[in-house]
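Protein chains: 2
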Amino acid sequence: MSENSKSQHASTQSHAASAIARDQQDAIAHLRDHYELPEDTIYLDGNSLGALPKAAKKRALEVVETQWGKDLITSWNKHAWIDLPMNVGDRIAPLIGAKQDVKNDPASAQVICCDSISVNLFKLLCAALSLNSDDGKRTKILSQCDNFPTDLYTVEGLQALIGSGKCELVLCEEEEIEQKIEELGDSLITVMLTHVNFRSGYIHNLPKITELAHQHGALVIWDLAHSAGVLPVNVDEHKVDFAVGCGYKYLNGGPGAPAFVYAAKRHHAKLQQPLSGWMGHAKPFDFAVEYQADSGIKQFLSGTPSVISMSVLDAALSVFDDVSIQQVRDKSMALTSFFQQAVEDADDLKGLKFASPALPEQRGSQLAYTHDKAYALCQALISKGIVADFRAPDIIRFGFSPTYLSFQDIFQSIETLKQVMRDKTYELPEFNRKQAVT
Amino acid sequence: MSENSKSQHASTQSHAASAIARDQQDAIAHLRDHYELPEDTIYLDGNSLGALPKAAKKRALEVVETQWGKDLITSWNKHAWIDLPMNVGDRIAPLIGAKQDVKNDPASAQVICCDSISVNLFKLLCAALSLNSDDGKRTKILSQCDNFPTDLYTVEGLQALIGSGKCELVLCEEEEIEQKIEELGDSLITVMLTHVNFRSGYIHNLPKITELAHQHGALVIWDLAHSAGVLPVNVDEHKVDFAVGCGYKYLNGGPGAPAFVYAAKRHHAKLQQPLSGWMGHAKPFDFAVEYQADSGIKQFLSGTPSVISMSVLDAALSVFDDVSIQQVRDKSMALTSFFQQAVEDADDLKGLKFASPALPEQRGSQLAYTHDKAYALCQALISKGIVADFRAPDIIRFGFSPTYLSFQDIFQSIETLKQVMRDKTYELPEFNRKQAVT
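Chains X and Z, in that order, give the protein sequences.
First residue of the first sequence: 573, per the numbering used here; consecutive thereafter.
First residue of the second sequence: 573, per the numbering used here; consecutive thereafter.
Treat the hints as calculated values from the structure; they're not laboratory data.
Bear in mind that the values here come from a model prediction, so they are computed numbers and not experimental data.
Don't take each hint at face value.
Below, simulated EDC-like cross-link-like pairs (lysine to aspartate or glutamate); rule was C-alpha separation at most 20 Å, straight line [as the list claims (entries may be wrong)]:
1. X/642 to Z/612
2. X/855 to Z/966
3. Z/630 to X/637
4. Z/855 to X/718
5. X/738 to Z/862
6. X/630 to Z/612
7. Z/626 to X/637
8. X/650 to Z/1002
9. Z/630 to X/608
10. Z/650 to X/611
11. X/855 to Z/728
12. Z/855 to X/966
13. Z/738 to X/862
14. Z/925 to Z/987
15. X/642 to Z/605
16. X/630 to Z/634
17. Z/671 to Z/894
18. Z/650 to X/718
Pairwise CB distance ranges (calculated) [said to hold, decoys possible]:
19. X/837 to Z/637: 32 to 42 Å
20. X/757 to Z/861: 22 to 32 Å
21. Z/861 to X/707: 25 to 35 Å
22. Z/909 to X/633: 34 to 44 Å
23. Z/890 to X/638: 18 to 28 Å
24. X/995 to Z/609: 55 to 65 Å
25. Z/758 to X/707: 27 to 37 Å
26. Z/861 to X/758: 24 to 34 Å
27. X/638 to Z/996: 24 to 34 Å
28. X/740 to Z/649: 31 to 41 Å
Partner residues aside, some chain X positions facing chain Z, computed with beta carbon under 8 Å [stated by the list, open to error]:
29. 615
30. 621
31. 637
32. 725
33. 863
34. 880
35. 924
Where is the CB? At the ideal position from N, CA and C, for every residue including glycine.
Starting from the given sequences, assemble the full structure and let the hints guide the process.
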């Protein structure tokens, strides 16, 4: 064995021991028992689609077999389907730091579950416009080039409808946001950003950007797709105006789970959103001809909610019942650091270029690496039971869902990754045929 | 026994015998086996929420347990989640008379499954506006006062956003539609109507109204919520421009099942809809900064679809695999006629006032009756296992889903209804406490 091999072997041994020790000390290790995880798979893609909580599976069967099948239409009352959007919102609220208590004070609600992120962003953009166009003096929406595309497309859609003169989209690079806010000043309607970048995991300075925007009279809309359920956001504390978030990533609500909207209570009375379906009406069952929006967060509802999907999300959220979001965040940072260090220490992995912020405090629960053959590499890993994902053009993305991953999972992933890189399995033609992946 | 009692008894006997005979001759009676129906219940509310098809239950478990739980993110390809909106659209298309063949010619698709009716109506209103405002010369949207409220609210929402000067909502009574089209002429952007009235079941003359609108250069948007899956619509044949429809009524897709959009192929190239989420992009997985709408029906997609709910709807639609929509319609008309006649023949039911069109050809698969105590009457019936629903202010509504109801069900419902009316069970306080119902 060469000196180098010996040193590599020692490093591996040390990481293995460390993984075992860390799992023993993990304060939220027991949460793994809440999930049905497939055997022979280590799932590093919970940032795309969270794993299946046992409670979600149980509820899916219950809502279909008993509630729908047996109680049929009466379930709207009997099983409180009608309250699902508010009740699910109430479970999400503490995860993002929104104070509310639907049971005792429904008017306190600021978070509601409904529709998709794209549709909800459209509502929020219009809401911001209705509150803050300042009689046409404010016309600009600031975002970043590398925002998740759907967020930008939503502005483009709005422009096509009302004219880009009323809502010009200004894009800048990640690091230019603050400077741009200063520059655009009182022409800004809103700053719309994704809190955690979907590729790199970069975390925007939400408190600072929010405060700066407010200093210039602008509102903020935060997309919490890669934040909710994995790190504290504290929307109330930082006086965030609006936010959207995703039900199917770290909240584990199942494929295409409904999204959520946060709208600060102070804006409820004055805002308008145009997707005024009957569920957002103050009295939906009066079937009145004229629309009168609910005075609270329910004004963000539109059509009939997807009861099966929303029920599944509701049950999935029980995973967070007895854990603080800070505990989840602590483990998340430990997991990404462990992975990052192990990659750095492995000679076999020198071909991977680190493409996320260096410090765990500055990134979400994911790590990005670039590689010329990132797509094929990802497929090769999946074939060996390590599920990561590819993001164009050359990124392989590893997501670390702290509520079901162990440090030993991370260790095992690295070992497999090393093997794939050593053997160049990713050169095989079978891994180079592209398919759509999400 | 009085002469009158004797005659009533004979009438009942005759209806009982007729029900048995009709069930024996029913060409689609076997479809009932596709469903899990609760015992001791006769479900006359399939027009609010369809019953549970066995295939839907099986699929719910499969999509949750196997596809999500075991195959996780890979299911987008492995289980073709990504194709669900198009594939479900392909199953709905023949039910409404839209020609397409997604498998062999994806560009032929005109029907796609997505979002809710409310959200989809907003897209279609905007699409109509983008195609047919005639540089601002056309500004009016014609609908009827008694349309389903969400349809009207959607126009109000659009008005709040773009100004009512660009999309004035003109409402008229059911019977005035044609006259109003003539009157408004070339100021009309679109006529937006619900094909089958949600309260009375009245069917608009879709071919005639569509043709008349076209003569005046207006487009049509038909809401098929109470049509799809229960009567032929023939959207292609009648040159309908746009339509929306419901997944959870006669299509039995489960509570809050996603809705669908029909957009005639001839409009795809020129229309614009503003809810431009990433799933409607020509190449969603390129994550391009600029939105480029898909050139076909997929441009109506917005955010990530609700995979669990959509899969359940997909499976539910298998009920229609081996039946023609005309067969369903024939049975539907026979069911409503049988019920109508039995009510007319029953002395005990003189207190119910018929509130639907008299001829089965002129109404959908439902019957409305007014009664001072309609709400309590409805509750009293439900307590005896006959599920109907109440619509404000004084309507009790009976829905007849031809794919799972038998004529003997109808007979039994009438007998229970007679008993409740005779005993005035609806006077009991327990049936007079209002709850929200849908």
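So, going through the hints one by one against the coordinates:
1. X/642 to Z/612: holds (10 Å)
2. X/855 to Z/966: holds (17 Å)
3. Z/630 to X/637: holds (10 Å)
4. Z/855 to X/718: Judged against 20 Å, a Cα distance of about 17 Å means the pair holds.
5. X/738 to Z/862: Given pair residue 738 of chain X, residue 862 of chain Z holds - Cα atoms ~19 Å apart, limit 20 Å.
6. X/630 to Z/612: Violated, at about 26 Å.
7. Z/626 to X/637: Holds: residue 626 of chain Z and residue 637 of chain X sit about 10 Å apart, inside 20 Å.
8. X/650 to Z/1002: holds (15 Å)
9. Z/630 to X/608: With Cα atoms ~19 Å apart, residue 630 of chain Z and residue 608 of chain X stay inside 20 Å; holds.
10. Z/650 to X/611: Distance of about 18 Å is within 20 Å: holds.
11. X/855 to Z/728: With Cα atoms ~16 Å apart, residue 855 of chain X and residue 728 of chain Z stay inside 20 Å; holds.
12. Z/855 to X/966: Holds: residue 855 of chain Z and residue 966 of chain X sit about 17 Å apart, inside 20 Å.
13. Z/738 to X/862: holds (19 Å)
14. Z/925 to Z/987: holds (17 Å)
15. X/642 to Z/605: holds (16 Å)
16. X/630 to Z/634: Holds, at roughly 13 Å.
17. Z/671 to Z/894: holds (17 Å)
18. Z/650 to X/718: violated (29 Å)
19. X/837 to Z/637: 32 to 42 Å: The hint (32 to 42 Å, Cβ to Cβ) holds, given that residue 837 of chain X and residue 637 of chain Z are roughly 40 Å apart.
20. X/757 to Z/861: 22 to 32 Å: At 24 Å between Cβs, range holds.
21. Z/861 to X/707: 25 to 35 Å: holds (31 Å)
22. Z/909 to X/633: 34 to 44 Å: holds (39 Å)
23. Z/890 to X/638: 18 to 28 Å: holds (22 Å)
24. X/995 to Z/609: 55 to 65 Å: Roughly 57 Å apart at Cβ, these two residues keep to the hinted range, so it holds.
25. Z/758 to X/707: 27 to 37 Å: holds (33 Å)
26. Z/861 to X/758: 24 to 34 Å: holds (26 Å)
27. X/638 to Z/996: 24 to 34 Å: For residue 638 of chain X and residue 996 of chain Z the Cβ distance comes to about 33 Å; the hint holds.
28. X/740 to Z/649: 31 to 41 Å: For residue 740 of chain X and residue 649 of chain Z the Cβ distance comes to about 38 Å; the hint holds.
29. 615: holds (6 Å)
30. 621: holds (5 Å)
31. 637: Nearest chain Z Cβ about 6 Å off; hint holds.
32. 725: holds (4 Å)
33. 863: At about 4 Å, which falls below the 8 Å cut-off, the nearest Cβ of chain Z leaves the hint on residue 863 of chain X intact, so it holds.
34. 880: At 5 Å from the nearest chain Z Cβ, residue 880 of chain X passes the 8 Å test, so the hint holds.
35. 924: Interface hint status for residue 924 of chain X: violated (21 Å vs cutoff 8 Å).
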